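So the sequence lines, in the order shown, correspond to chains E and Z.
Residue numbers for the first sequence follow this note's numbering, beginning at 1014 and rising by one.
Residue numbers for the second sequence follow this note's numbering, beginning at 34 and rising by one.
Keep in mind the hints are simulated off the structure, nothing from the lab.
Careful, some of the hints might be misleading.
Straight-line Cα separation of at most 25 Å, BS3-like style, residue types lysine-lysine; simulated pairs [what the hints assert, rightly or not]:
1. E:Lys1120 <-> E:Lys1082
2. Z:Lys90 <-> E:Lys1062
3. E:Lys1062 <-> E:Lys1120
4. E:Lys1120 <-> E:Lys1081
5. E:Lys1071 <-> E:Lys1082
6. E:Lys1120 <-> Z:Lys90
Being a predicted model, the structure only gives us computed values, none of them experimental.
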Amino acid sequence: AQSVTQLGSHVSVSEGALVLLRCNYSSSVPPYLFWYVQYPNQGLQLLLKYTSAATLVKGINGFEAEFKKSETSFHLTKPSAHMSDAAEYFCAVRRATGANSKLTFGKGITLSVRP
Amino acid sequence: KAGVTQTPRYLIKTRGQQVTLSCSPISGHRSVSWYQQTPGQGLQFLFEYFSETQRNKGNFPGRFSGRQFSNSRSEMNVSTLELGDSALYLCASSRQSQASSYNEQFFGPGTRLTVL
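With the hints as constraints, model all of the structure from the sequences given.
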């Protein structure tokens, strides 16, 4: 079985500051890992994904994440926060393949950006 | 290319009623997955349909059911609604089944169901 832990439910940063959203996963098989963003009253949009290629993954809107197997982590970072980054962020894991492959999401983290 | 569409966007029902939600996937996508999003439980997988067959199912009671049509459009039905069924129901489509190698899921805007 797979699971995801996102520590904390809310992160607040100043505009221009570093964004760091933490994600730790548990998986009995090599995982695929994802970060999604959800803006109010909208569905989820894929920010980036790890599918066993490069461990440092670059996504849209200046976000990136690094897969660290030894730490079972996939933290999301952005060097400089923008007001438009305020949203809810979800980390997700799934098996690479197999009949039971499905996305398992963390609880989500709300990011606030202060002017 | 049109994205995933879900209808209706908002729905209010009373306890005991039943409800049907609809999802139209992106053209060419054959897999449709459904998720329930609530403040307490977060995002939870309901089920996946691929080529009109249910391929995977989450841990939800039998009151939650779905189906997929030959044009890949999908519906989910909730019978005997309970207050706890109030949630945002999200649909996601992808080209292939989640059981195959990675293929991105594209999410619709969701249907907000309120049960009174």
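Against the structure, the hints come out as follows:
For the hint linking E:Lys1120 to E:Lys1082, the alpha-carbon distance of about 21 Å falls within 25 Å, and the restraint holds. Between Z:Lys90 and E:Lys1062 the CA atoms are separated by roughly 23 Å; this keeps the pair inside 25 Å, and the hint holds. For the hint linking E:Lys1062 to E:Lys1120, the alpha-carbon distance of about 18 Å falls within 25 Å, and the restraint holds. Between E:Lys1120 and E:Lys1081 the CA atoms are separated by roughly 21 Å; this keeps the pair inside 25 Å, and the hint holds.
Restraint check for E:Lys1071 and E:Lys1082: satisfied, since their Cα atoms lie roughly 17 Å apart, inside the 25 Å limit. At roughly 20 Å between alpha-carbon atoms, E:Lys1120 and Z:Lys90 fall within 25 Å of each other, so this suggested pair holds.
Comparing the model with each numbered hint stated earlier shows that all of them hold.
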